[in-house]
Amino acid sequence: PSPTFDFLLRLLPTFGSRGGGVAMKRGHEVRPALSGAGEAGPGGMAAYPGRPGRLQRHLLSGEFDQLRDFTIFESNFVQFCSPSILSLISDLWPQVTRLGEVANKVTMGVAASSPALELPDLLLLAGPGKENGHLQLFGLFPLQFVQLFVHDESRCQLKVKFRTGRAFYLQLRAQPETRDREFGQWVRLLYRLRFHSVQGPVPFTQE
Amino acid sequence: MTYAYLFKYIIIGDTGVGKSCLLLQFTDKRFQPVHDLTIGVEFGARMVNIDGKQIKLQIWDTAGQESFRSITRSYYRGAAGALLVYDITRRETFNHLTSWLEDARQHSSSNMVIMLIGNKSDLESRRDVKREEGEAFAREHGLIFMETSAKTACNVEEAFINTAKEIYRKIQQGLFDVHNEANGIKIGPQQSISTSLGPSVSQRNCRDVASNSGCC
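Line order of the protein sequences matches chains A and B. Counting with my numbering, you get residues 80 to 286 for the letters of the first sequence. Counting with my numbering, you get residues 2 to 217 for the letters of the second sequence.
Hints are computed from structural coordinates only; laboratory data are not their basis. Keep in mind that the hints are not guaranteed to be accurate.
[Said to hold, decoys possible] Straight-line Cα separation of at most 35 Å, DSBU-like style, residue types lysine-lysine; simulated pairs: (1) B:K30 to B:K54; (2) B:K57 to B:K131; (3) A:K238 to B:K131; (4) B:K171 to A:K240; (5) B:K171 to B:K30; (6) A:K184 to B:K171; (7) A:K209 to B:K54; (8) A:K209 to B:K131; (9) A:K238 to A:K209; (10) B:K54 to A:K184; (11) B:K57 to A:K240; (12) B:K57 to A:K209; (13) A:K240 to B:K152; (14) B:K54 to B:K171; (15) A:K238 to B:K171; (16) A:K238 to B:K30; (17) B:K152 to A:K209; (18) A:K240 to B:K30; (19) A:K184 to B:K131; (20) B:K131 to B:K30; (21) B:K30 to A:K184.
[To be verified] Which chain A residues stay away from chain B? Per the calculated CB distances, all over 12 Å, these: (22) R136; (23) F143; (24) K184; (25) P194; (26) E197; (27) L198; (28) F228; (29) R234; (30) R242; (31) A253; (32) Q254; (33) T257; (34) R260; (35) G263; (36) L268.
Keep in mind that this is a model prediction, so the values were computed, not measured. Where is the CB? At the ideal position from N, CA and C, for every residue including glycine.
I would like the entire structure built from these sequences, with the hints used as guidance.
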């Protein structure tokens, strides 16, 4: 596997869940020893070997040429407003919850911009487009300017906080039988990212 | 929706000049006076019609702050068009244009069409950069020039569409290889060159369009 592929293998050492998605870089095979019951892809995120997630498929469609080869770890979420902190979302994201509005679907993924990197360095956010509901990429953010927290583990909720202060909350959308495992993979990811960041290993919300 | 071509645009320029507001005005036809600082890249898209052809504009709105610049410049590659924006009320944003232009030219195709935009033209009383200075800079560097107001929507449509017209004109002249994705142009799904290229696109000068629009 490529180094990019390797980071996912190191990042997510257990396998076998549905939901979420880690797609392989084209031309790479899943290592059989790492596939759970012949179903899971690297990191156990894909239901079928190499089956890309929605965001990965969107990028593979070819409109984002530069991002097409990214290996993405992704999951689907619903955005919600924290009771204490209202969501502040870019005006360029029309489908994402703004103040007081109903929750909306968000697909969030992480990727490494270079195969040489051991950890992902980019956060990708996408959601339904306002015209046709098809998935639309909203933004690409360097992870060095983003902090990810576990907001409420029992509810599979994450907090995404930008260096600018903008923050919002996401609750994992996944099959009940695999949701905990998939969320656990995000928790491991957060630990990995935090251990390698200057902020230190605090993946849970610190207000 | 199908389209004949997809053009990748980048919007670049100093922080606070109104890049995200221009995009929001173009894609959503609204203005948001208070806008969170952009980090990384945010995306917008809109279909436009050029000479009877549907063209999808895929717009990469980049962070203007210096600390993000080394990251965002890596996304200039493969852009067919660039909107280089300064704020007519802040002289320093005009002074930094050369640096932005060097960056853009260094990290993208030499054929990239660059539209210089003096934004915030509604703030005439606070003007710090004369229109003639913008025109002279554009002339000197081979750019198209317009003054816009993301707040009033003045010339915003024209800025994006005239850039697309110029790219389309270059395609027709054979200056862009549409099969080379590094040029920031993609042929739409189920399109071929023969069907994509329609009759000659209007050769109308973009500056003429700008000056004729009359709102700025």
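- Going through the earlier hints one by one, which of them does the structure break, listed in rising order? 3, 4, 6, 8, 15, 19, 23 and 30
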